[in-house]
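Participant: With chain H fixed as given, assemble chain V onto it according to the hints.
2 protein chains.
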Amino acid sequence: MLNKLIKEDISYLAGYIDGNGSILAQIVYIPESKYKFQIRVSITIFQKSNKSWFIQQIYNLLKIGTIRNRSDNMSELTIVGNTPVKNLLTILLPYLKIKKPIANLVLKIIDNSLQIKDRNHFLEVCKLVDEVAEHTESRKRKITTEYVENYYKNNSFLN
Amino acid sequence: MLNKLIKEDISYLAGYIDGNGSILAQIVYIPESKYKFQIRVSITIFQKSNKSWFIQQIYNLLKIGTIRNRSDNMSELTIVGNTPVKNLLTILLPYLKIKKPIANLVLKIIDNSLQIKDRNHFLEVCKLVDEVAEHTESRKRKITTEYVENYYKNNSFLN
Numbered sequence: 638m639l640n641k642l643i644k645e646d647i648s649y650l651a652g653y654i655d656g657n658g659s660i661l662a663q664i665v666y667i668p669e670s671k672y673k674f675q676i677r678v679s680i681t682i683f684q685k686s687n688k689s690w691f692i693q694q695i696y697n698l699l700k701i702g703t704i705r706n707r708s709d710n711m712s713e714l715t716i717v718g719n720t721p722v723k724n725l726l727t728i729l730l731p732y733l734k735i736k737k738p739i740a741n742l743v744l745k746i747i748d749n750s751l752q753i754k755d756r757n758h759f760l761e762v763c764k765l766v767d768e769v770a771e772h773t774e775s776r777k778r779k780i781t782t783e784y785v786e787n788y789y790k791n792n793s794f795l796n
Numbered sequence: 638m639l640n641k642l643i644k645e646d647i648s649y650l651a652g653y654i655d656g657n658g659s660i661l662a663q664i665v666y667i668p669e670s671k672y673k674f675q676i677r678v679s680i681t682i683f684q685k686s687n688k689s690w691f692i693q694q695i696y697n698l699l700k701i702g703t704i705r706n707r708s709d710n711m712s713e714l715t716i717v718g719n720t721p722v723k724n725l726l727t728i729l730l731p732y733l734k735i736k737k738p739i740a741n742l743v744l745k746i747i748d749n750s751l752q753i754k755d756r757n758h759f760l761e762v763c764k765l766v767d768e769v770a771e772h773t774e775s776r777k778r779k780i781t782t783e784y785v786e787n788y789y790k791n792n793s794f795l796n
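Chain order of the listed sequences is H and V.
Numbering-wise, the first sequence is residues 638 to 796 according to our numbering.
Numbering-wise, the second sequence is residues 638 to 796 according to our numbering.
So here's chain H without its partners, still in its complex pose (with noise of 0.2 Å):
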């Protein structure tokens, strides 16, 4: 779907995600994953639900992510993973201004992740991530690169 949209689709979409979408990294803990932790990727753009019609439209537009009602009044609609996120980020990454600095971050994160040789080589992406999260400003973020570091070398006996 996403290589059948106009040009002024893509930029509407790339104004209303600098206005009130986010663009975002994290470093989740997955238990059984190779590494223990992965990195998430996702765009999400926000809305009040009186006016979550907007939320679906957008939708029926991409035809990719979930749309979700919050309690406190807001609907989103989120693109989580790494080939929709970099697939949607590479079409808006022309016209995206507020954003253009993260959407490069995350599109380098995404192409590191997908061949990642070693702890190591892992580390350096989630230092990718703290980056992207000085751009957005997170506070409650927990799992930095220092966090997993830390992990690691107080769980050396596991490979």
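Hints are supplied without guarantee of correctness; some may be wrong.
For chains that are exact copies, the list does not tell them apart, and a pair is met inside one copy or across any two.
[As the list claims (entries may be wrong)] As a list, the in silico BS3-like pairs of lysine-lysine whose alpha-carbon atoms are at most 30 Å apart:
(1) K764 with K688
(2) K754 with K688
(3) K777 with K671
(4) K745 with K700
It is worth saying that the hints were derived from the structure and are not from the lab.
Facilitator: Quick look at chain V alone, frame taken from chain H:
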């Protein structure tokens, strides 16, 4: 300048305004004016002051409006007045989604404002301003149609 904008710039701006802008109509008390009140229409875009380069960039694109760096670490570009607001809304209208109904109302207000015949006609236009306020959920609004009507009743000695 506005007629030199390319479609992608206009649709980007529509997306940004839908996400983080405002389109407004207000009744303001101007005792020296013919009807003692006037309608003030405006378009504003907001961004945190640490990204005020963005506000400057939009100003450079439009070449209209006034930049203000507020004390609460927000910067804004505001376009005020019938002619500039009408010109900008007219080109944004095909691309606006969330704020399209407000844009249509404000355009109707501007067209009426330019040819007000008497106090009753002015009060009719004030009612359109009340409608805009319903969309924007303005809480601290003091001057409504009712307020102007009461003012006229209590000051009937005025022409």
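Participant: Need the list of violated hint numbers for this structure, in ascending order.
Facilitator: Result: hint 2 breaks, nothing else.
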